[in-house]
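Given the coordinates of chain A, assemble chain B onto it according to the supplied hints.
If you want the building blocks of each chain, they are given just below.
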Amino acid sequence: MSDTRDLLRSAVEDFEPTPDAFERVLVRRDRKRRNARVAAGIVGVAIFALAALGLARLLESERTTGLPEPTQPTNGRWVVFSALHLDPDPNAPQVSRGEELNLYVSDGGGTARLLVGTEGSNTTRHCPAFSPDGELLAWGERGKPSVAGGEVVISGFAPTGQLRGDEIRIPIPTIAPYFGPPCPTWSPVGQRLAFFAPRMGLLLAQADGSTRWIDVGAFRGLDEVSRLEWSPDGSQIAVLPDSDSTPWVVPVDGGAPVHLTEFAGDEQPGSIAWTDGGSLVVAGSRGPLGLDTGPLGLETDPFVKVLDISTGDVSEVPLPTVWDVSQGVFILSAGNDRFVALRDSTPPDLLDLQGHSTTLGDLEYEPASSMSLSPDGKQMLYVTIDPNSGAQALVAVPLDGGEPTRYSPWTPRGFGDNYSTFAWQPG
Amino acid sequence: MSEVTLSIEAHTPARDFESFFRDEYRSLCQALLLLVGDAFEAEEIAQETMTRVLERWDRVGAMESPSGYAYRTALNLQRKRIRRLAVRAKRRFAPVPVADVGPDAGDRHDVHVALAKIPEGQRAALILVDWLDMDAEEAAGVLGIKPGSVRVRLHRARSALRDSLGVTS
Numbered sequence: 000m001s002d003t004r005d006l007l008r009s010a011v012e013d014f015e016p017t018p019d020a021f022e023r024v025l026v027r028r029d030r031k032r033r034n035a036r037v038a039a040g041i042v043g044v045a046i047f048a049l050a051a052l053g054l055a056r057l058l059e060s061e062r063t064t065g066l067p068e069p070t071q072p073t074n075g076r077w078v079v080f081s082a083l084h085l086d087p088d089p090n091a092p093q094v095s096r097g098e099e100l101n102l103y104v105s106d107g108g109g110t111a112r113l114l115v116g117t118e119g120s121n122t123t124r125h126c127p128a129f130s131p132d133g134e135l136l137a138w139g140e141r142g143k144p145s146v147a148g149g150e151v152v153i154s155g156f157a158p159t160g161q162l163r164g165d166e167i168r169i170p171i172p173t174i175a176p177y178f179g180p181p182c183p184t185w186s187p188v189g190q191r192l193a194f195f196a197p198r199m200g201l202l203l204a205q206a207d208g209s210t211r212w213i214d215v216g217a218f219r220g221l222d223e224v225s226r227l228e229w230s231p232d233g234s235q236i237a238v239l240p241d242s243d244s245t246p247w248v249v250p251v252d253g254g255a256p257v258h259l260t261e262f263a264g265d266e267q268p269g270s271i272a273w274t275d276g277g278s279l280v281v282a283g284s285r286g287p288l289g290l291d292t293g294p295l296g297l298e299t300d301p302f303v304k305v306l307d308i309s310t311g312d313v314s315e316v317p318l319p320t321v322w323d324v325s326q327g328v329f330i331l332s333a334g335n336d337r338f339v340a341l342r343d344s345t346p347p348d349l350l351d352l353q354g355h356s357t358t359l360g361d362l363e364y365e366p367a368s369s370m371s372l373s374p375d376g377k378q379m380l381y382v383t384i385d386p387n388s389g390a391q392a393l394v395a396v397p398l399d400g401g402e403p404t405r406y407s408p409w410t411p412r413g414f415g416d417n418y419s420t421f422a423w424q425p426g
Numbered sequence: 000m001s002e003v004t005l006s007i008e009a010h011t012p013a014r015d016f017e018s019f020f021r022d023e024y025r026s027l028c029q030a031l032l033l034l035v036g037d038a039f040e041a042e043e044i045a046q047e048t049m050t051r052v053l054e055r056w057d058r059v060g061a062m063e064s065p066s067g068y069a070y071r072t073a074l075n076l077q078r079k080r081i082r083r084l085a086v087r088a089k090r091r092f093a094p095v096p097v098a099d100v101g102p103d104a105g106d107r108h109d110v111h112v113a114l115a116k117i118p119e120g121q122r123a124a125l126i127l128v129d130w131l132d133m134d135a136e137e138a139a140g141v142l143g144i145k146p147g148s149v150r151v152r153l154h155r156a157r158s159a160l161r162d163s164l165g166v167t168s
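Chains A and B supply the protein sequences, listed in that same order.
Position 333 (the first sequence) corresponds to 332 in numbering that gives the first Met the number 0; numbering is contiguous.
Position 20 (the second sequence) corresponds to 19 in numbering that gives the first Met the number 0; numbering is contiguous.
Just chain A, same shape as in the assembly (with noise of 0.2 Å):
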C-alpha cells in the first residue's frame, strides 16, 4: 500500500489548492443562495403576471361591455446581472477580472454593459431586483467578506437602461463577518421590499427608504435564509430559513408568524412559491441525510406538498414515476395553479396540483446555474458553460423551443461562476 501510495503521491505534491479558497467556497455558498432568491423574485414578479393572465380570462368570460382590456403580461427590454467581470480574453491574467461582483446590463445580442461599480472596486454588487412596474431597481452591496454590514441600494430605472434620479442607501448592520450582501425582494403588489440580515431578521422598506423591523424571535438566531417570497397580495412573507429547512409564513402588517413545523425529519423543503389562491406551495427532497443511505447515498425522493395557510391543511401532489430516486424537485414559478419545476439535469417540467405534469423540451444550452423564468414566463434565464471552450455566458431559452438570446459575451471560466445573480425587467 505504501508503494502505491508513494506513485501517487508523485501525480499531487505539486498541486496547491487556491490561497484563498475557503473565501470562494463561501462566496459560493452566498451566489447560490442570491440566484435561489432573485430567482424567486422573478417568480414573484411571474406569478402576479400569471394570476393577472388567470383573471382576465375570468372576466373575459364572463365580460360585459365597458370592461378594460386586461393587460398581457410582458417582458421588459432589460436584463441586470451581477458578474465578476466580461472580459472576453482567454489569455488575460486572472487577477484583472476582478475579485467582486459589478452589475451589467443588456437587452440582448451578446453584449452587455457596466451599470453599477468599477473595474477594481473593493465593493461587491448583487441581488438586482426589478419593482413590479420596471421603475425601480434595487440591490445589495457590500465590502470585503471581512467586514460585517451591507447596503441596499434603490434608484431609479430609466427606459434607455440606466440608472437614474438619486440612490436612496439603506445601512444594514450585522454582527458577524463572512456574510454576503443583502438581497432585496420587492413586493408584487406597491412599493416596498424585504430582505434578510443575519441574526437580526427580516427589514421591510419603502421605495422612499423608510425601514421597519419585523420582529420575529426564531430569526434572531439564524444566520441566512435560502428563499424569500411574498405572498400574491403582498401581506404575507415566507420564509425558507437554511439552517431547519422549516418554512415560516410572516404576515407584513402585524399578526403572529407561524413556523410550518409539519416538514421535519428526513424531509428537505428545498423551494416555496404562493398558488394563486394564497396557499403555500413547498418542494423538496425526501430522504436520509447520512453515510448510511443506498448505494448513490445522496439520492432522494421528491416531494411537492401544499399547505393551506389558513386551515393547515396539507396535501401532497402526486408525482409522476419517472420522478423518483430524484435529487429532489424546485419550484420556479406559479401561476393558475400551475409550476414550472427543475429536477436533476432534465429538461423543465410542467406540474399542476393534480400532479399533471409535461416535460417542456431540451434547452437549447446546457444550464450552469440556478434557473429563473422571464416575467410572461415564456423563457428560462441561466448561465450555460460552452462544452467547446469552456466559457461562460448568461442566456435566455424559449420553452417553446424558439431562438435563444444571449445577455453577455461569452467569458473565459476562471475558478467558480463569473455570473452571479440576474433580474429580468417587467414590461
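Check before you lean on any hint, since a few could be wrong.
Partial chain B-side listing against chain A, Cβ under 7 Å, derived [as the list claims (entries may be wrong)]:
1) 25
2) 26
3) 37
4) 38
5) 50
6) 112
Bear in mind the hints are in silico, worked out from the structure with no lab data behind them.
Positions of the beta carbon are idealized from the N, C-alpha and C atoms, including for glycine.
Relative to chain A, chain B alone:
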C-alpha cells in the same frame, strides 16, 4: 401548524466549518485530482463539495464522520460530471481538452494516464484506501458497496496501476 416565537441562541457554524475546511480541503483536492486527473476540475468539484457541506453544516457537523460525508458528496458530484459529459457526447460536442504543463509534467502525466485507464470504481477504491488511508469498511461506506468488494477493486486497481507504470511489486 402552530404559532411559535422562539429565541434561538446565535450560533457560528461558519467558524466551525472553517476549521473543518482547513483540515480537509487540501486532501480532498488531492484525492479528486487523482480521481479526475485535472487540477481545475478537481478544485471545482472540491469547492462545490465544500459549498454543499457548508449548506448542510448544521447536520453534517454533528455527524460522526463529516469528512466521510464530504468524500461521498464529492464522488457523487464526480459521477454527475461523468453523466454530464456522456450527455454532451450524445449531442456530439467535443470534450474539453485537458492540458498538463509545468515542471515534472511528464511524471505526473504518466501517473494520471495510468489512473485514467483504471475503471472509475476501482480508481475510487484505490484513492480512498491507498491515498486517504481509509480502511475497507470506511471506503465501503463512502462508495456504498460491501467491504469485500472494496478489497477486490483495490487489488485490481493496484495491479493495473503497477502494470501500467511498469512497476514490479
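Worksheet item: Which of the numbered hints are not met once you compare them with the structure shown?
Response: Structure breaks hints 2, 3, 6.
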